Structure formats: structure tokens, C-alpha cells
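There are 2 protein chains.
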Amino acid sequence: MSRQMHLGLFLLGTGSHVAGWRMPGAIDSFQDIDAMIRVAQIAERGLLDMIFMGDNLYGDPAAHPSYTVRFEPLTLLSALAMHTRHIGLGATVSTTYSDPFTTARAFASLDHISKGRAAWNAVTGSSPQAAPNFGRLHPNHAERYAIAGEFVDVVKGLWDGWADDAIEADRATGRYIDPAKVRSLDHEGTHFSVKGPLNIGRAPQGHPVILQAGGSEPGQALAARTADVVFSVVQDLAEAKAQYEALKARLPALGRRPEEVTVLPGVMPVVGRTSEEAFAKLAQLMGFVDATNALALLSDRFGTDMSAYDLDGPVPDLPIPDTYHSFARVMLNKARREGMRLRDAYNLMAAARGHWVLCGSAEEVADTLEEWFRGGAADGFNIMPSHLAEGLEDFVELVVPILQRRGLFRTAYAGTTLRENLGLARPPRREA
Amino acid sequence: MSRQMHLGLFLLGTGSHVAGWRMPGAIDSFQDIDAMIRVAQIAERGLLDMIFMGDNLYGDPAAHPSYTVRFEPLTLLSALAMHTRHIGLGATVSTTYSDPFTTARAFASLDHISKGRAAWNAVTGSSPQAAPNFGRLHPNHAERYAIAGEFVDVVKGLWDGWADDAIEADRATGRYIDPAKVRSLDHEGTHFSVKGPLNIGRAPQGHPVILQAGGSEPGQALAARTADVVFSVVQDLAEAKAQYEALKARLPALGRRPEEVTVLPGVMPVVGRTSEEAFAKLAQLMGFVDATNALALLSDRFGTDMSAYDLDGPVPDLPIPDTYHSFARVMLNKARREGMRLRDAYNLMAAARGHWVLCGSAEEVADTLEEWFRGGAADGFNIMPSHLAEGLEDFVELVVPILQRRGLFRTAYAGTTLRENLGLARPPRREA
Chain C
1 MSRQMHLGLF LLGTGSHVAG WRMPGAIDSF QDIDAMIRVA QIAERGLLDM IFMGDNLYGD
61 PAAHPSYTVR FEPLTLLSAL AMHTRHIGLG ATVSTTYSDP FTTARAFASL DHISKGRAAW
121 NAVTGSSPQA APNFGRLHPN HAERYAIAGE FVDVVKGLWD GWADDAIEAD RATGRYIDPA
181 KVRSLDHEGT HFSVKGPLNI GRAPQGHPVI LQAGGSEPGQ ALAARTADVV FSVVQDLAEA
241 KAQYEALKAR LPALGRRPEE VTVLPGVMPV VGRTSEEAFA KLAQLMGFVD ATNALALLSD
301 RFGTDMSAYD LDGPVPDLPI PDTYHSFARV MLNKARREGM RLRDAYNLMA AARGHWVLCG
361 SAEEVADTLE EWFRGGAADG FNIMPSHLAE GLEDFVELVV PILQRRGLFR TAYAGTTLRE
421 NLGLARPPRR EA
Chain F
1 MSRQMHLGLF LLGTGSHVAG WRMPGAIDSF QDIDAMIRVA QIAERGLLDM IFMGDNLYGD
61 PAAHPSYTVR FEPLTLLSAL AMHTRHIGLG ATVSTTYSDP FTTARAFASL DHISKGRAAW
121 NAVTGSSPQA APNFGRLHPN HAERYAIAGE FVDVVKGLWD GWADDAIEAD RATGRYIDPA
181 KVRSLDHEGT HFSVKGPLNI GRAPQGHPVI LQAGGSEPGQ ALAARTADVV FSVVQDLAEA
241 KAQYEALKAR LPALGRRPEE VTVLPGVMPV VGRTSEEAFA KLAQLMGFVD ATNALALLSD
301 RFGTDMSAYD LDGPVPDLPI PDTYHSFARV MLNKARREGM RLRDAYNLMA AARGHWVLCG
361 SAEEVADTLE EWFRGGAADG FNIMPSHLAE GLEDFVELVV PILQRRGLFR TAYAGTTLRE
421 NLGLARPPRR EA
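Those protein sequences? They're chains C and F, same order as listed. Note that the first sequence covers residues 1 to 432 in UniProt numbering. Note that the second sequence covers residues 1 to 432 in UniProt numbering.
It cannot be assumed that every hint is accurate.
Claimed, not checked - Calculated pairs, EDC-like style, for lysine to aspartate or glutamate (alpha carbon to alpha carbon, straight line, at most 20 angstroms):
| no. | chain 1 | residue 1 | chain 2 | residue 2 |
| --- | --- | --- | --- | --- |
| 1 | F | LYS195 | C | ASP55 |
| 2 | C | LYS195 | F | ASP60 |
| 3 | F | LYS241 | F | GLU217 |
| 4 | F | LYS115 | C | ASP32 |
| 5 | F | LYS281 | F | GLU397 |
| 6 | C | LYS115 | F | ASP32 |
| 7 | F | LYS115 | C | ASP34 |
| 8 | C | LYS115 | F | ASP34 |
| 9 | F | LYS181 | F | ASP165 |
| 10 | C | LYS181 | F | ASP60 |
| 11 | C | LYS195 | F | ASP55 |
| 12 | F | LYS181 | F | ASP170 |
| 13 | F | LYS195 | C | ASP60 |
Said to hold, decoys possible - Computed spacing ranges between beta-carbons, pair by pair:
| no. | chain 1 | residue 1 | chain 2 | residue 2 | range |
| --- | --- | --- | --- | --- | --- |
| 14 | C | ILE320 | F | SER193 | 26 to 36 angstroms |
| 15 | F | MET286 | C | ASP165 | 21 to 31 angstroms |
| 16 | C | PRO427 | F | THR173 | 47 to 57 angstroms |
| 17 | F | GLU420 | C | ALA308 | 44 to 54 angstroms |
| 18 | F | ALA238 | C | PRO128 | 50 to 60 angstroms |
| 19 | C | ALA172 | F | GLY189 | 51 to 61 angstroms |
| 20 | F | ALA172 | C | SER193 | 51 to 61 angstroms |
| 21 | C | ALA242 | F | GLY189 | 43 to 53 angstroms |
| 22 | C | ALA308 | F | ALA172 | 28 to 38 angstroms |
| 23 | C | ALA180 | F | GLU420 | 45 to 55 angstroms |
| 24 | C | LEU137 | F | GLU431 | 23 to 33 angstroms |
| 25 | C | PRO401 | F | ASP178 | 41 to 51 angstroms |
Calculated directly from the structure, the hints in this document are not laboratory data. Just so we're clear, the structure is a prediction, and the values are computed from it rather than from any experiment. Glycine included, C-beta positions come from ideal geometry on N, C-alpha and C.
All chains should be modelled from the sequences, with the hints used to inform the complete structure.
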């Protein structure tokens, strides 16, 4: 079988478009369990590899209205596991504002509950707004990544504490656990001291899948060393290809093969039966954008208050900020390349929060995805519907069948775990 | 309608009896999602108020074999919410090893997911064995309760950050949130600094139900001030009555009515169609007890290595330890009162981990529960099956119908939320 795409559903708010919830018939709540169940089932009908739930750790009603109120990801995905059978379930948990024992345990639990479908999106937490909710100061970029590297290693070490066959539950002898098959971790590091073992047996996947999205140099280094799947922020084929190649090129020196890391650029497909229908839908979406929200989002992404700048002037030459590094870099590069006005950047941010917007007929969208996939820019895509459920349904009903006809996407789930569907090996238990 | 009992299912390991998993046909895994779904559905069939899931934060294969491996409670209960419609879902989360923002958020999330059935069992974490998993020293008893008091207040404050109607999602105006109906908490205390607001809207119950089980003086003081439901450790009617009265007597000074706190002593019913059948079952259970496990448990509860003592000698006069305070106190009192040998204490600990064991025919069990309930020792009971599912099924099928015939227990769920089924008011949003 030739190489096939992997597809994720990025679940964030009422959709990735900042005002998508205003579309007629759109889901207008990100804390409605019945709506989330419906979305998960559509994604599974489309045979997507996984649902990937973004997160943040603060409530700012001014910044991102439709995803200020949200479920906590692990509780939501655990509930969705009960309404799906195949699709992977990826939750974002911050390495800056959680702890390795709790995190390792929760993902092992989700992996048992979902019978091998859990994934952890390990983020360092871009936003300093989380810090005061935890009585903390937000560590700087370098420190966050130093913490994250140790955090991920500890989590993996905890996941290896129990052998697959440590639990005997032998009624005749009364022996429940073989103590020789359980070990503590006894980690003493720079940032963490964690004894272990966990209080849950080895996960069905061995290790739940690890997702990462950091685009900075330390982010890429961490992903190359520890991630199974990387979500990337892209706006341009050449740039995506360069980024893809750079990440894959890091792997051999780390003892990993290129196919051990699946790279999925984020894309907001706006799909119509015809190109005109798609562009009309995008225009309708953009008509709902509120200037205040869009400017707040742009300021947030650029790490600079943009309200003082002329919307019809050029995008100013700003430094790449410490937070939202990838979004700012990709957008500022694009602006420089294309001579964008600030208004264009603002519209693009409003459309998909800085992610790539791909608008066209289903055939055109499939053509571009194929071009990127075959052209060495992607192993698949992280689909970011503009609004729900329509944005997802359009993709599943119109684009997926074309990809399937072209032999680019599965026609049935092949495995029972997320690792199997991603074509990733089950990690063996590391020796102590 | 006359006063009725409230009944909880205490879900811990493969059952509360230390070796219950060895019974023929018993569930022998506490990390089997299908088994847990079956148990939850039996409890709901029995119209129980809630499932209450114990927890710990360390894996010690030697101490408690059948509950060393377990689900993380919030992920499990979120999954169980999808397979039940009425029963409350209570998860244990430690105030010593979690943080208020994460905790407030997770329970609000579970409350939304379950449509108003979440409960938080706030524990200070009795066991010092958790500390090294978090790179911490275990705070002493007084400090743990000082932390817990502030923690619970912060969580309640965060739950009040959003008004019920803060989310407008007005498609016409584009206004998603009414910012006047959201406020930060700006808590600056001795142990926590938490800004808020949460990133989730107000919970369906206003506040998820708060459970507590602390039996020490600071534990009782905290429960009287903040809990909706109190689980107690009892071995004797007179003692239970004194404890019940003492707790209720604290309430008026705190501006609370006695019926605002539901007191549920823990009990392990071993039920048969006849008394003989019940005692035969108990004997069968006790036959599975392994001396090593039982002594480890006794040592853990008493905070003293008991292996040096003569099993056929008297229970020694030990000081009440800082950890597992209630278990040790109740058991040592009982031993003194009844002149128990160490072997008796050990058997009682093995049977129900120090909780009350009530063995008899269904009529006898119902008689005793009624006596305690009418006699001012309980508002209901926290049922701790010896093993699953049989221990629970016996209670649901044999005892519940008797309680119903006597008008002591509901014949249908009255409300849609846990608060409604417990007869507790929905807390109004406190003014800033």
C-alpha cells in the first residue's frame, strides 16, 4: 500500500474561525456535551486519525469569545471515548502548569478507558495569562522548554514503571501483582523530583501518543527527540516543505527514522461544491468578524498592542515575540513576502487564528492537500473547521471521498489503537 | 413525604474487602472500563444517590493489591457519566497535591458533562507516600487542614466567577459573553494566589456537591463549614450517634441548618437471603485474607509497624497517628471497649479496611440501617461492597426493595441533578 495521509480534527471553541459561531446553524457553545459528541461522531465517520483538543488555562472573555468557555480536555475526551470506537483522542496539557505524575497518570487512565486511543499534546503554555491562576510567574521561553524536556522524560519514565504483565490477579495463589515487574522511577532532576511508580498499570499503547506543536528552535528540538506527531503552523508550501525537511533531518542523529514522526500542518479548509460556493462561504464568515476581537487576537499573537497602527498601512517590522512564536514568525514572514497591509494580516488571523486557510471546491482542496502531501511538506493535515459541524461535515463528506478515491486516505480503520492507525510502533518498556 | 435515606456507592478497588477479588465470579480489575460501567449501571438501577470514588496518589504494590492499579477518578467518572443518567459522580481530589484552579475547572467540566451530577470529595491526603511523587514533603495534619480550608474557599470562589447567564452567544450582535457577568477572584491568601476567572461557565449545579470524610477536629470543622455530604468511619451505634450530633451541632453557629449537611457512615453490608448465607459468605471472604496484606494494612492504618506484636495478644495502646486519624481512633476505641485481640482488629481491617461490617439477612441489614437512620446516627449510608459486582447486586436486589417498602428510600429519582436528589439547594452566586 502506498503512503497514506493522516488526518486530525483540531477541536477548538465553536470552530477555528473567530466568529464562526455566528454562521446559521452553527454550534454556538464549546461546553455543550451533546454537540461535542456529534462532532466526534462525524470525525469518526470520516475515519480521521484523531480529535485533538486545544486548551488554555485562563478565562479572558475579551480575547477569544467562543473558546473562553470550554471543557477541561481530559474529562471531555474521556466522555467522547464512550461515544466512539476508533478515533484517537488527544488532549492538551501544559508542562508549565501541571505536574508529571498527575499528567502521566491521567493519560494512562484515558488510554485504558479508550482502549488505546489516548494522545497527549504537550505544550509549554504560550500564554503568560495562565501564570496568575497558579500563583506563579510565567517562565521565559528557554526555561519553559527546559522544563518541558524534563517533564516529558519523566512522564515516559513513569509509563514504563509497570510491565505489561505485572498484574497477575491469581485467585488461587492470592498474588495480585508481581512486584518484580513494577519499579519506581526515582527521578531527581533540575526541575522535578518524582519517585513513582504510577498507581495505574501500563497503558494499552505502552505510551499514549505524544503530540507537539512548538515551532521555535527548542520546540523543534524537543519534538524531534520526543514527539510522535507534530502539528505545524504554515502559510506557504515552500516554507512548509523547508520546515518539514528540517524536522525530519534532525531525526537520524537522535536514533529515529523519519517515519517515526508524523508531521501535520494545520489547515482550515473552506470547501464548497464549487469554488464560488466556497468563496461565498468564506466571505460570509469574514462578514461576521468584529474589529475589536480581530485586533485583540492580532495583538495577542504579535505580542504587541496593534491598536495604535494604521490598518491600511503595511504590517510593521516587529520582533518575534517570546509567546506564540510560530504564529508571529509565519505571519510576519508572509506579510514581508507578500507586502501585506495590516488589514490583510488581521483578516487572516481572524479567519483561522494565524493558520493556513484553504478555500476552494472539494477537488481543488484535495488537489492542494495532495500536492503538499506528495511534495514533501506534510504527512497529513490537522483539519481546523471554521465552524461546527458544517465546516467538518463539508470536509468529511466532500473532500475525504476524493482523497480515498485517489488512494491517499484509508477507507476503514486498520488498527484498534491510535498508534496502529498512525502506523507507529508500540514502544517497548525501557530497561531500568 | 417522610425523611428518606441517601445512599452512596463507595467505589474502591475490586471491592472494600482486601481480598474480595478472589471470590468466584468477582471483578478482579479496578482498571477495566467495562466492569466499571456495569457497576455504575447496577448502582443506578438501585437508585443510589451517587458513586463515590476513592483515590490515592502513589502506587505501592505491597500495600493494597487490588487498588494499587486504578483509573484517575475524573476521567473514569466522565466516562461513567455517558452510561448513566441520574446517579451522582463523586471524585476524590487532594487539596495537598492538586491546585485550586485545575480542581475547580475539572469539577465544573464534569458537572457540565454529566448535566449536574458532579461531586468533589476534598481530601487532604492522608498518606505521606504521595509526597515524593510530587517532589514535596508531606505537610503535617494541621497544615494540611489549613491548606484545605483555603483551597476549598478558592474553588468555591472560582465557581462563582461566572453568572449563570454570562454567555449570550447572540448571533445578531456578535456578542458572545457579557463581560459584566464574569469576574476574576483575585485571591491572595496564605497558601494560594489565584486570579481567575475560570475558563468554563458556571456549573449546572452552581457548585458541584462537596464531600468530605475527615474525622479529626480540624476535619470536622472544615466539613461543618464547607461540606454538603460527610462520609464517616464508624464501628458502633452510640459512637456514630455522638459523632453525628457533634457535627450537626456545629452548623448553626456557621449559619447552616442541620439538613444542609448529609452524614453518611461507611458500611460494608454482607447480605444473604438468610443470616446463615450471609455469615457463610463473610467466612468465605475471610478465608481469602493473606496475613501479609492484612498486617500491612493494619500497620498503615495504625501508623506503626505491627509485625512485631503478638497476634493473639491484646491490641496495644497506641497513640492516634497523624495519618488515617479516624480509622485508627475508631478501631483503637473499639478494641479498648471490647477487649479485642490484635487478630480481631486485623480481621476487621482486612474485611473493610476499618469500616463497619454489617452481616446478616437482607431484613436484618435493613433493620440495622433503619435503626441507625431513625436513631439519629445517619442520614443514609455509604455502601462499600466487599467485592463486585455481587456485593453491590446483593444490596441493590435484596436490601433496597425492603427499604423502599418501608418508605425509607426513593422508588424513583426525584431530581435531575445530584443536589436535587440529595435535597440540597443550588447555591446562589455569591456577590463579589
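To see whether the hints hold, each was checked on the structure:
1. Pair hint LYS195(F) plus ASP55(C) holds up; C-alpha atoms about 18 angstroms apart against a cutoff of 20 angstroms.
2. Using a Cα cut-off of 20 angstroms, the hinted pair LYS195(C) and ASP60(F) holds, with the two alpha carbons roughly 11 angstroms apart.
3. In summary, the hint linking LYS241(F) to GLU217(F) is supported, as the alpha carbons are separated by about 16 angstroms, within the 20 angstroms threshold.
4. Of the pairs offered as hints, the one joining LYS115(F) and ASP32(C) holds, with about 10 angstroms between alpha carbons and a cut-off of 20 angstroms not exceeded.
5. A threshold of 20 angstroms between alpha carbons decides the hint, and for LYS281(F) with GLU397(F) the separation of about 16 angstroms falls inside it, so the pair holds.
6. In summary, the hint linking LYS115(C) to ASP32(F) is supported, as the alpha carbons are separated by about 10 angstroms, within the 20 angstroms threshold.
7. Between LYS115(F) and ASP34(C) the CA atoms are separated by roughly 10 angstroms; this keeps the pair inside 20 angstroms, and the hint holds.
8. Taking the CA atoms of LYS115(C) and ASP34(F), the gap is about 10 angstroms. The hint holds against a cut of 20 angstroms.
9. The hinted pair formed by LYS181(F) and ASP165(F) meets the criterion: a straight-line CA distance of about 7 angstroms does not exceed 20 angstroms.
10. As the CA atoms of LYS181(C) and ASP60(F) are separated by approximately 12 angstroms, the hinted pair is consistent with the 20 angstroms bound.
11. For the hint linking LYS195(C) to ASP55(F), the alpha-carbon distance of about 18 angstroms falls within 20 angstroms, and the restraint holds.
12. Taking the CA atoms of LYS181(F) and ASP170(F), the gap is near 15 angstroms; set against the 20 angstroms cutoff, the hint holds.
13. For a cut-off of 20 angstroms, the pair hint linking LYS195(F) to ASP60(C) stands: about 11 angstroms separates their Cα positions.
14. Between ILE320(C) and SER193(F), the C-beta spacing of about 31 angstroms keeps the proposed range 26 to 36 angstroms intact.
15. Take MET286(F) and ASP165(C): their Cβ atoms lie about 29 angstroms apart, and the range 21 to 31 angstroms holds.
16. The supplied range of 47 to 57 angstroms is met by PRO427(C) and THR173(F), whose beta-carbon atoms lie about 51 angstroms from each other.
17. For GLU420(F) and ALA308(C), the hinted distance range of 44 to 54 angstroms is satisfied, since their beta carbons lie about 53 angstroms from each other.
18. Between ALA238(F) and PRO128(C) the CB atoms are about 58 angstroms apart, so this pair conforms to the stated range of 50 to 60 angstroms.
19. The supplied range of 51 to 61 angstroms is met by ALA172(C) and GLY189(F), whose beta-carbon atoms lie about 54 angstroms from each other.
20. For ALA172(F) and SER193(C), the Cβ-Cβ distance of about 55 angstroms falls inside the hinted range of 51 to 61 angstroms, so the restraint holds.
21. About 50 angstroms separates the C-beta atoms of ALA242(C) and GLY189(F), a value consistent with the hinted range of 43 to 53 angstroms.
22. Distance hint check: the CB atoms of ALA308(C) and ALA172(F) are about 31 angstroms apart, consistent with the given range 28 to 38 angstroms.
23. A beta carbon spacing of about 50 angstroms between ALA180(C) and GLU420(F) agrees with the range 45 to 55 angstroms that was offered as a hint.
24. Separation of LEU137(C) from GLU431(F) is about 31 angstroms and conforms to the stated range, judged on CB atoms against 23 to 33 angstroms.
25. Range check, PRO401(C) to ASP178(F): about 43 angstroms between beta-carbon atoms, so the 41 to 51 angstroms window is met.
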